[in-house]
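Protein chains in written order, with the numbering used here: chain X, 1 to 462; chain Z, 1 to 462; chain L, 1 to 462; chain C, 1 to 462.
Accuracy of the hints is not assured; some may be wrong.
Intra- or inter-copy, both count: the list cannot distinguish identical chains.
To be verified - Think about it this way: if two alpha-carbon atoms lie no more than 27 angstroms apart in a straight line, the pair counts; the simulated BS3-like pairs of lysine-lysine are: (1) Lys-330 to Lys-425; (2) Lys-172 to Lys-450; (3) Lys-19 to Lys-408; (4) Lys-455 to Lys-296; (5) Lys-296 to Lys-19; (6) Lys-172 to Lys-135; (7) Lys-28 to Lys-408; (8) Lys-157 to Lys-135; (9) Lys-450 to Lys-157; (10) Lys-196 to Lys-172; (11) Lys-413 to Lys-296; (12) Lys-172 to Lys-28; (13) Lys-425 to Lys-28; (14) Lys-172 to Lys-425.
Hints in this document: simulated from the structure, not taken from any laboratory.
There are 4 protein chains.
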Amino acid sequence: MTTLFIRGGTVVNADRAFKADVITQDGKITAVGENLSAPVGATIVDAGGQYVMPGGIDPHTHMQLPFMGTTTMDDFFTGTAAGLAGGNTTIIDFVIPNPQQPIMEAYQTWRGWAEKAASDYSFHVAITWWDETVKRDMGTLVQTEGVNSFKHFMAYKNAIMCDDETLVNSFKRCLELGAMPTVHAENGELVYLLQKTVAEMGIKGPEGHPLSRPPMVEGEAANRAIAIADVLNVPIYVVHVSCIEAAEAIARARARGQRVYGEVLAGHLVVDDSVYRHPDFATAAAHVMSPPFRPKGNQEFLWRGLQSGSLHTTATDHCTFCAAQKAAGKDDFSKIPNGTGGVEERLAVVWDDGVNTGRITPSEFVAITSANTAKLFNIYPQKGSVSVGADADLVVWDPAGTKTLSAKTQFSKGDFNIFEGRTVKGIPSHTVSQGELVFVQGDLRAVNGKGRYIKRPAFNDN
Amino acid sequence: MTTLFIRGGTVVNADRAFKADVITQDGKITAVGENLSAPVGATIVDAGGQYVMPGGIDPHTHMQLPFMGTTTMDDFFTGTAAGLAGGNTTIIDFVIPNPQQPIMEAYQTWRGWAEKAASDYSFHVAITWWDETVKRDMGTLVQTEGVNSFKHFMAYKNAIMCDDETLVNSFKRCLELGAMPTVHAENGELVYLLQKTVAEMGIKGPEGHPLSRPPMVEGEAANRAIAIADVLNVPIYVVHVSCIEAAEAIARARARGQRVYGEVLAGHLVVDDSVYRHPDFATAAAHVMSPPFRPKGNQEFLWRGLQSGSLHTTATDHCTFCAAQKAAGKDDFSKIPNGTGGVEERLAVVWDDGVNTGRITPSEFVAITSANTAKLFNIYPQKGSVSVGADADLVVWDPAGTKTLSAKTQFSKGDFNIFEGRTVKGIPSHTVSQGELVFVQGDLRAVNGKGRYIKRPAFNDN
Amino acid sequence: MTTLFIRGGTVVNADRAFKADVITQDGKITAVGENLSAPVGATIVDAGGQYVMPGGIDPHTHMQLPFMGTTTMDDFFTGTAAGLAGGNTTIIDFVIPNPQQPIMEAYQTWRGWAEKAASDYSFHVAITWWDETVKRDMGTLVQTEGVNSFKHFMAYKNAIMCDDETLVNSFKRCLELGAMPTVHAENGELVYLLQKTVAEMGIKGPEGHPLSRPPMVEGEAANRAIAIADVLNVPIYVVHVSCIEAAEAIARARARGQRVYGEVLAGHLVVDDSVYRHPDFATAAAHVMSPPFRPKGNQEFLWRGLQSGSLHTTATDHCTFCAAQKAAGKDDFSKIPNGTGGVEERLAVVWDDGVNTGRITPSEFVAITSANTAKLFNIYPQKGSVSVGADADLVVWDPAGTKTLSAKTQFSKGDFNIFEGRTVKGIPSHTVSQGELVFVQGDLRAVNGKGRYIKRPAFNDN
Amino acid sequence: MTTLFIRGGTVVNADRAFKADVITQDGKITAVGENLSAPVGATIVDAGGQYVMPGGIDPHTHMQLPFMGTTTMDDFFTGTAAGLAGGNTTIIDFVIPNPQQPIMEAYQTWRGWAEKAASDYSFHVAITWWDETVKRDMGTLVQTEGVNSFKHFMAYKNAIMCDDETLVNSFKRCLELGAMPTVHAENGELVYLLQKTVAEMGIKGPEGHPLSRPPMVEGEAANRAIAIADVLNVPIYVVHVSCIEAAEAIARARARGQRVYGEVLAGHLVVDDSVYRHPDFATAAAHVMSPPFRPKGNQEFLWRGLQSGSLHTTATDHCTFCAAQKAAGKDDFSKIPNGTGGVEERLAVVWDDGVNTGRITPSEFVAITSANTAKLFNIYPQKGSVSVGADADLVVWDPAGTKTLSAKTQFSKGDFNIFEGRTVKGIPSHTVSQGELVFVQGDLRAVNGKGRYIKRPAFNDN
Ligand SMILES: [Zn+2]
Ligand SMILES: [Zn+2]
Ligand SMILES: [Zn+2]
Ligand SMILES: [Zn+2]
Ligand SMILES: [Zn+2]
Ligand SMILES: [Zn+2]
Ligand SMILES: [Zn+2]
Ligand SMILES: [Zn+2]
């Protein structure tokens, strides 16, 4: 295996930044310090003028998601490869059972799909229905499979929506198991009614998508899930917080001492809802995801949440449908498959709009792109830390490098880029996964199947 | 009919207080002014040193509520008579259809029961299920029966609970009809789970009641109903706001300009949750109502809401079950019939704890005991105002009079008084209903069947 | 004296609107009711399809304000005449003593200037310094001169700024006297420092004005004054609340039950800070007032405050300096005399942006343009109410009438109009002052000296 | 020098806890890891079942503070020795120049006094007046003396109070220098007025102390200082946040993304204002400090701030006056010297009320007692971290050890203990300072003069 000597950079951890060389051997970090000597045979990486950071962890992706007999464009190989190109060394994807499907069966299916992954990966498991077998299988997943988080969709009525009855039962079970409940927070009944109402008003195009899912629909659901977690005394993690209303629900709960955590998508930080009014259907439809991009003003508020510590992680909800797939909703916005990409661009976008603007420090960047996720999902400091003993998952970050983001040049197999044309300053020069250089100055060396499934222990395992 | 000359008092309306005599004839107020002459044959009421105010309106009572083959102790006669003794000249009660029962049928049943009322009355109608006939009948009630408000119970799972699907449909229908949706805000799924959880912990007595309905259970539901109303653009009225969490949900919504209104029960203003820890089952059980009485600190917060205008009305949820009825839950707190009295004491309790403490002015007292309810439910200034042309429904209020509240001396047929032993300063000396003296210095002259059904027009009738 | 019969309109009071005729005699309203008979000799005003409302009260004007040896363009005659043309029948202006000047002397000076007023008027008195004579004279003003409010400028260092020592002493004195303290809330030390800092950055033009007075400068001062009032247990009225930060300070205080009131200028409701970036100095300078016009987003927030009842009155701070006077600050924005007009346009602007947009009802319009001011400054219902016995100060409002606001057509002697070019729907057709028609369909009949000084009793006079 | 081998404990850092041995040599930590070998000649410390944490840092003490010709009971030796006994290895004290005294002179005086310290120490410098020499000397302190924080007293009128003019100038200077402004937040004008008012009411005893400094007095000042910092774009640290009002001001600012930090005293977390009503003057007076202990409810709110991350550090404001000194205010509470102890008890009290109750984790304990202070005042990871290269300042913490806190058994020279009689579970078994065992199982081995002055670099030194 490769030995790396990463020389002369500034190591950035969530707690501080400092000048140091880094040595990795056998897939682990073996030394961090000033003026180290290069081990014999080591590959030298010159990190002068650059930052050496823990590889990004994307806690929210959907690779190879089945949909209407087809799947998203990126499978676990191409999706994780694109991630590596963007400086990410781990993803946490989702197992999503159909209602009534045994959740162990769905879990095994996703495990199979993921074997081709190029980077390390892990799984949240969605709870889409409830009975005693589901309850039992949650225990198996936590105790033997290394799953410590369960997802609940509060929207998508008549499909995977989890009603309050299931929600309260599952949250209670999470508490027993030491697992973290997470929620996609939108009030599914309201979305359902509004989709019909908007259609009745004659609005059939993508501009109807945000009208059917206004911010309060998300704020309500976030508040509800948080209140339930409060009553049941279980922590909670809210995925893709997109608006002021939801961010305030989290902040209010945290102000009363509750353990609530919020995730923000890179897209929600910089894209606003004007995209849905684009005259070209394909362009507008390509932005259809839920929660939708939000009116100006929300973006700044999300940044403030990340600055103040009431929001904690950044993700992408990477879920790439191509134009042909999106066309399924040509005459009815509610039929447009929901999803956008971003796994490859997240770090650069967050750096550019966060660090370059003075909103956050490099250490805070590491916190919200890697370390916090590792801590919240209990794989820290194996992941999320540049320290001796940690996995050799690193990104060498060139703060002076620039790049114009585009679908034309992306590694992802998607055919669209929601950051199209945005020039960012601050890009990865090298990505190190399991101690190997998998991305070097634009050269992607991802290996199919090299990624490992990462077990995440329950929180009460002390 | 009687002509009254109420001489030398201070008339108090919601906008101001001023010295004036008041004359009533044929059930209406015919003159308000200084130094009026007594009409020939008028009955003279000396209001010197006293306040002349619009009679109280209790917007939340349950007279003659059927329960397990029996009914509450107070029927429409004894309940409204007790109300008159306390200075109230109107109540708004509830028609509560069983799920699947035609709502017009339930409405007619309640109208029949109410014919014996001694004071004027009106009805909110509960929406406990949903189909096209319910939707249609809501229109009939608004357009021909003078019902302009519909109630939704967010708790009482497996009984009258209204799930989110019904809620959003009914709210949307209210908007079409110009009717006000109202909610009993508690998350029924959480209550259901907590009742089981508390029982599993071995807690079977009344002390389990508040444990199964913590404040956040109410706060969540209030926030949810308000958010739904916001999204659908309909006003909303939250009944019996009992805790900080719910009051804050209302205040937040109002701060964004939403039309949200909150009702507070007299009991919630002055009684705290220590009552559930009373060693005597009967006493503790007698206080069982929902939402429960709350920990200290909540009472002050409710007062602040009334002071600042984020809460609007006071009520009682008068619903009197006797000790024998309460005993149904002797071994299981969740079986104790929910309800307490108060229609007779509300004005005195609110005056004593509000005006005497300096929290509110006499005009604000009139606002929160009478005028605001009349405005919100569209019977102002027929009710809620001492002005020419208004109904001659008045209370002459003696600010120096004192009384010790007690089940022993109450007119209500209930056998318990949640204000037992409290000595209040400020009591009605006379109550005038439809121009008749129905309560004079302790002498109750209520007449069975004298009360009229009051139609309330829809809000879009201009 | 004239007798008026205002026929067929909809009377709008703060508590409700209703069809009624109105009769005025000898300067008072003598009848309000349906189907009245016209008194013999009465002048008939046809109010069909129109609203009959209490005349507007502008609680914040500066007529004839002395400045650098000259005065504002509008004196008490032209200013109140312009007010009448806009539907206002009362103004409350300010006596502003120089530091060290006896406040009774200043008061007499202003009383003299005001004798030419065409409408009724009253005075707040500013406290610009402190010693025992000031304390004594405050008593005289309250007890014998009918002044029940005192103004405190928290900005204008080295001029009329009132430091915290004076503030706390004066607030305490207000409490003793039953008078309302009011504040111009801006942190004068910060403004002073920022004016220098902005100038050092090379910014000398009007665009420097808002940079030297950012919203937090106002928010801080508002919060401070309110906190002091809270500690000393005195109510407080914050003039010209212009931004989210100050409005939130008020809302927070009200939520804890404090008696805090907020005033909003018509200009702050509809004009934003882009005006300071106008390339023409005269135009940009014409908008210089303090607090400055604010970034977009603040306007909506102020409306929400008025909707929810955390803000209470609307005013203008009418203070007209012409282009030649504004030119004093051609090379230094801090030397531009602060002030804009508006007394003539307020009602129309508030109606158009408030009632026509659905934000407020006609009754709420009356509350925030007239009745609330009358109540807060203790001249209700003499002013602010269409009811028998009230002053015959009325405006007949044509909701279908339109007008394009412009300096070219205004009655005010100012040479600028901050609402220039705005077309409003809803204008006064008739203004009635003291029972006389003083403005009829565009014909202004203001009479020099016809206005009366209105005494306002202290709040503890019961 | 001593070599230590701390074996078998759980190392707790702010980011995580993990089993590890720790080796220290020459005053530095040289190894942290599992199954290390003991260096030859090392002193073995058995940490089995115990936590090994960075030594506490108390960011707020007043040792040897001169007062009326005498000084506090604890000088720099006895005070730091008491600190070591409690697990603290660093204090940050205050240089407090008299108004008009050259600040360099005061700085040198304090440096001299501190030479006898037994543990490491550093200094904040107070800005009590303003002119160009003060401005210049702030530069010298930052650039050559390692001072990176300046303190501002917003109370103590006619003594060391810093008015808004000085505040804004000093804050601006801090920004230029990369120094952190800190404030004692109380409105000095209000305190001054209230002290007189309370005295005029006949209240002369210690019960008058909290009446003269109600929470809003602190909340106002905190809000003001934070607003000024916001406008000037400088971070700010608020010392001894004691009440809801101040904590909310911080939380509000953080929610808009501002860099605001809050410190809480151990005393304010567990002691309430009932102490001032103690019948014994000496006892009541012994609790006199500012801000005063607060009504119940505030304590929980402070904990919530620490939990949610809106408050950051814990301190003591250790300032010990004995009964004879306190007696100076026997007839006038405003003359009682302000101050209480606590440097010895802070860690145990915070652990007991924080970790044992489940409010915070051991890692969060380290954050709020050590690491956060080190980061905020720029001495991390030299201090505040158990990691290779850090100073060997450690505490071995026995979570099973118990102790009853008492003046009788304390090492501090004060004669009172505000935690008297409180039995805590969780106490230091060993304290290590500069690699030496200075406290072992109750045996204090503090050495006069062994402590070093710690320079803290400016924040813009990259
Ligand atoms: Zn989702
Ligand atoms: Zn997703
Ligand atoms: Zn109810
Ligand atoms: Zn009820
Ligand atoms: Zn002003
Ligand atoms: Zn002004
Ligand atoms: Zn202090
Ligand atoms: Zn101190």
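Hints versus structure:
no. : hint               : verdict
1   : Lys-330 to Lys-425 : neither (36 angstroms within a copy, 42 angstroms between copies)
2   : Lys-172 to Lys-450 : neither (37 angstroms within a copy, 54 angstroms between copies)
3   : Lys-19 to Lys-408  : neither (36 angstroms within a copy, 49 angstroms between copies)
4   : Lys-455 to Lys-296 : neither (39 angstroms within a copy, 45 angstroms between copies)
5   : Lys-296 to Lys-19  : neither (39 angstroms within a copy, 44 angstroms between copies)
6   : Lys-172 to Lys-135 : within (10 angstroms within a copy, 37 angstroms between copies)
7   : Lys-28 to Lys-408  : neither (35 angstroms within a copy, 53 angstroms between copies)
8   : Lys-157 to Lys-135 : both (22 angstroms within a copy, 22 angstroms between copies)
9   : Lys-450 to Lys-157 : neither (38 angstroms within a copy, 51 angstroms between copies)
10  : Lys-196 to Lys-172 : between (34 angstroms within a copy, 12 angstroms between copies)
11  : Lys-413 to Lys-296 : neither (30 angstroms within a copy, 41 angstroms between copies)
12  : Lys-172 to Lys-28  : neither (37 angstroms within a copy, 47 angstroms between copies)
13  : Lys-425 to Lys-28  : neither (29 angstroms within a copy, 39 angstroms between copies)
14  : Lys-172 to Lys-425 : neither (45 angstroms within a copy, 31 angstroms between copies)
The structure is inconsistent with the numbered hints 1, 2, 3, 4, 5, 7, 9, 11, 12, 13 and 14, although it conforms to all the rest.
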